[in-house]
Amino acid sequence: METFFSRYRNITILVAILFAQVLGLAVQVRRSSDSQSARLIRVWAVGAVTPFEKSIVWAQNSGSHLWRNYFYLRGVRQENRDLKYEIERLRLEQVRLSQDAAQARRLQALLGFREQFISKTLPAQVIGFSGSELSRAVYIDKGSNDGVKRDMAVITADGVVGKILHVYSSASLVLLIDDQTSGVGAFLEGSRLQGVLSGTPAGGVVLEKIMSDEVVQPGEKILTSGGDRIFPKGLPAGVVTGVSRSSDAFLNIRVRPAANLGKLEEVLVITQQEEKPPPADQNTSLRAVDILANRLPSVPDQPPAEAGHHAADAQFPVPGAETNRATGEKPANAQAAAPGGAPAKKPVTESAVPSSMQQPAVATQAASKPGARKTVTPKPALPPKRSQTGAASPVPSH
Amino acid sequence: MRLHPFRLISVPITYTSGEQIEVYRFSIPVTVLVPLAAIFLQAFLPLRFPFFSVFELPLLVTIFFAVARRSQVAGLMTGALIGLVQDSLTHQPIGLYGIAKSVVGYGASSLGVRLDVENAGARFLLTLFFYVVHEVVFFTVARGLVGLQVAWSWPHEMGSAFANAALALPLFFLLDRLKQKT
Numbered sequence: 007m008e009t010f011f012s013r014y015r016n017i018t019i020l021v022a023i024l025f026a027q028v029l030g031l032a033v034q035v036r037r038s039s040d041s042q043s044a045r046l047i048r049v050w051a052v053g054a055v056t057p058f059e060k061s062i063v064w065a066q067n068s069g070s071h072l073w074r075n076y077f078y079l080r081g082v083r084q085e086n087r088d089l090k091y092e093i094e095r096l097r098l099e100q101v102r103l104s105q106d107a108a109q110a111r112r113l114q115a116l117l118g119f120r121e122q123f124i125s126k127t128l129p130a131q132v133i134g135f136s137g138s139e140l141s142r143a144v145y146i147d148k149g150s151n152d153g154v155k156r157d158m159a160v161i162t163a164d165g166v167v168g169k170i171l172h173v174y175s176s177a178s179l180v181l182l183i184d185d186q187t188s189g190v191g192a193f194l195e196g197s198r199l200q201g202v203l204s205g206t207p208a209g210g211v212v213l214e215k216i217m218s219d220e221v222v223q224p225g226e227k228i229l230t231s232g233g234d235r236i237f238p239k240g241l242p243a244g245v246v247t248g249v250s251r252s253s254d255a256f257l258n259i260r261v262r263p264a265a266n267l268g269k270l271e272e273v274l275v276i277t278q279q280e281e282k283p284p285p286a287d288q289n290t291s292l293r294a295v296d297i298l299a300n301r302l303p304s305v306p307d308q309p310p311a312e313a314g315h316h317a318a319d320a321q322f323p324v325p326g327a328e329t330n331r332a333t334g335e336k337p338a339n340a341q342a343a344a345p346g347g348a349p350a351k352k353p354v355t356e357s358a359v360p361s362s363m364q365q366p367a368v369a370t371q372a373a374s375k376p377g378a379r380k381t382v383t384p385k386p387a388l389p390p391k392r393s394q395t396g397a398a399s400p401v402p403s404h
Numbered sequence: 012m013r014l015h016p017f018r019l020i021s022v023p024i025t026y027t028s029g030e031q032i033e034v035y036r037f038s039i040p041v042t043v044l045v046p047l048a049a050i051f052l053q054a055f056l057p058l059r060f061p062f063f064s065v066f067e068l069p070l071l072v073t074i075f076f077a078v079a080r081r082s083q084v085a086g087l088m089t090g091a092l093i094g095l096v097q098d099s100l101t102h103q104p105i106g107l108y109g110i111a112k113s114v115v116g117y118g119a120s121s122l123g124v125r126l127d128v129e130n131a132g133a134r135f136l137l138t139l140f141f142y143v144v145h146e147v148v149f150f151t152v153a154r155g156l157v158g159l160q161v162a163w164s165w166p167h168e169m170g171s172a173f174a175n176a177a178l179a180l181p182l183f184f185l186l187d188r189l190k191q192k193t
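Which chain is which? The protein sequence lines are A and B, in order.
Position one of the first sequence corresponds to residue 7 (our numbering), numbered consecutively onward.
Position one of the second sequence corresponds to residue 12 (our numbering), numbered consecutively onward.
These aren't lab readings, by the way, just hints derived from the structure by calculation.
Just so it is clear, CB atoms sit at the ideal spot from N, CA and C, and this is done for glycine as well.
Any given hint might turn out to be false.
Stated by the list, open to error - Facing chain A, from chain B, some residues (calculated, C-beta under 8 Å):
1. 102
2. 109
3. 161
What the hints assert, rightly or not - Here are the computed distance ranges between Cβ atoms for each label pair:
4. 107/A - 177/B: 50 to 58 Å
5. 62/A - 163/B: 30 to 38 Å
6. 85/A - 43/B: 47 to 55 Å
Start from the sequences, fold in the hints, and give me the full structure.
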C-alpha cells in the first residue's frame with residue numbers, strides 16, 4: 007500500500023525545507039540583530055569567498071602598481087612641478103588656517119568643550135560586496151586579527167562610508183550609510199539643524215527628522231554630528247540634492263553621499279577615538295584673568311630689549327599687529343591678534359592694567375615684526391601667570 | 012484515454028516518455044565549485060562593474076542544476092544551499108534567498124522532468140519565468156515575514172529578468188560541457 011509520504015515525498019520535503027527556513031527566519035527576527043546564533047554559516051561562507059576576493063584584489067593592485075610606477079611615467083615631471091606649486095600654496099593656506107583653528111580651540115577650551123579626535127586609523131582594501139541589492143554592505147580585508155571591532159567607523163578622504171557590522175578573523179563586513187538599516191547622526195552645516203542620515207530601500211540616502219517648517223536648501227552640506235557615538239563630529243556626510251514635503255511632520259531631504267559608495271576601493275577604519283579638551287599648548291597660558299585682561303584696554307610698549315627677547319617665541323603672523331604697524335599705531339591689545347588671543351578689541355588707551363598683563367602684549371607685538379619667524383610650531387603664546395593671590399587659577403570647565 | 016494536460020502542451024518540445032528524458036549528473040568538484048564561483052562572482056564583480064548587480068548568477072546556476080538533474084529533491088536542496096550561502100554574505104537574516112531559491116529549484120526541476128529545456132528558446136523562457144518567481148517569493152518573504160522595506164518596480168524587475176535570461180544562454184552553454192550522462 008502506498009503511503010502518504012511516499013506518494014507526496016517531494017512536496018513533503020519541499021514543505022519541510024521551507025518550514026525549517028521560515029522557522030529559522032522567525033528565530034533570527036525575534037532575537038536582536040547582533041545575535042551570534044547564525045554566525046557559523048556566515049563564518050564558513052565568508053571564509054570560503056574572501057580568500058579568492060583578496061587574491062584577485064592583490065593581483066589587480068600589484069599589476070596596476072607595476073604599470074603605473076615602473077612603466078607608465080609619462081607626464082610625471084610636469085605633475086611633480088604642479089604638485090610643488092600646490093604645496094607652496096597649501097603652506098600659505100595652512101598658516102592662515104592654523105590661526106583660525108588655534109583660536110577655535112581656545113574658545114572651545116573656554117567653554118569646556120570636549121573634542122573628539124581621530125587618533126588612530128587603519129587603511130583597508132574593499133574586497134567584496136554582499137551580493138544583494140537589499141543588503142548594502144561591503145567586505146574589507148581587515149578583521150579582528152588587525153584590531154577591527156564592531157561599530158568602528160569607516161571613512162574615506164571624501165567622507166563617511168559606514169560602520170563595521172560583522173568582524174571575522176581576516177575580513178569585516180561594513181554596513182554602508184545607504185543601507186536602509188543604517189543611521190548616522192548628522193546636521194546641516196549652514197542651519198545647524200540636526201537629523202538622522204539613513205538609506206532607502208531603493209539605495210538612496212535621506213536626512214530624516216527635520217521638521218517640515220524648517221528651511222533647507224539644495225546644495226547645503228551635511229556633516230556628522232557625533233551623536234551616534236560612532237562617527238566623530240564634523241566629517242562630511244553628504245550634500246542636499248532635493249527637498250520636498252512629506253505627508254508627516256518632517257521634510258523629505260534627499261542626499262548625495264560625500265563618499266562615492268558605488269566605487270569604493272580603499273577606506274580607513276577609525277580604530278581609536280579620543281575625547282579630550284583641546285590641546286594643552288593652546289590653553290596652558292589662558293586663565294580667567296588673562297581672558298578678562300583681553301577685554302580691558304591694552305598696555306604701553308615695552309622696552310626694545312624685552313621685545314627682542316620675546317621675538318624668538320613668536321610663532322604666527324599677526325594680522326592685527328601688522329595693521330597697526332602699517333598705520334603707525336601701537337598694537338592694540340596685541341594678544342587678540344596672536345594665536346593665543348581673543349578677537350581684536352577696542353583701540354588702546356592707557357589704563358590700570360596690572361603689570362603681569364604686559365608681557366603677552368609685548369611678545370605678540372614682537373611677533374609682528376618683519377624679522378619674526380613664521381612657523382606653525384605650537385607653543386604657548388602667553389606665559390603662565392599666577393593670580394594675585396599667588397595660586398593658579400585654571401579656566402573653569404563647564 | 013485521458014491525456015495529462017502537461018503532455019498535451021509539451022508535445023512539440025518534449026520527449027514522449029519519462030524514460031527518454033536524459034538525466035545528467037555532475038562530478039563533486041563541479042557540484043561544489045560552480046555554485047561557489049557563482050556566489051563569489053556575484054559578490055565581487057559589482058564592485059568593479061556596478062551594472063553587474065542586475066544579474067543573479069546564483070539563481071542561474073540553481074536553475075541549470077535543477078533542470079539538468081531533473082530531480083525535485085536535488086533541485087530543492089541545491090537551491091536551498093546556494094541561497095543560504097548567499098544569505099550568509101549579507102547582513103540580513105539567513106533564509107531569504109534560501110526560501111526563494113528552494114522554490115525555484117523545486118519548480119525548475121519539476122519542469123525539467125516534463126519539458127525539453129535543452130534548446131535556447133526554452134531556456135530563455137524558463138529563466139525569464141523563474142527570475143520573476145524568485146523575485147516575487149523574495150519580496151514576499153522579506154516584506155511579509157521579516158518586515159524589510161523592499162522596493163518593487165515592474166520595469167526594473169522585467170529588465171533584470173530579460174538580462175538574466177540573455178545571460179543564461181551562454182552560461183548554460185558553457186555549463187553543458189560539465190555534464191556527465193548517467
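* Taking the numbered hints from earlier one at a time, note which ones the structure violates and give those numbers from smallest to largest. => none
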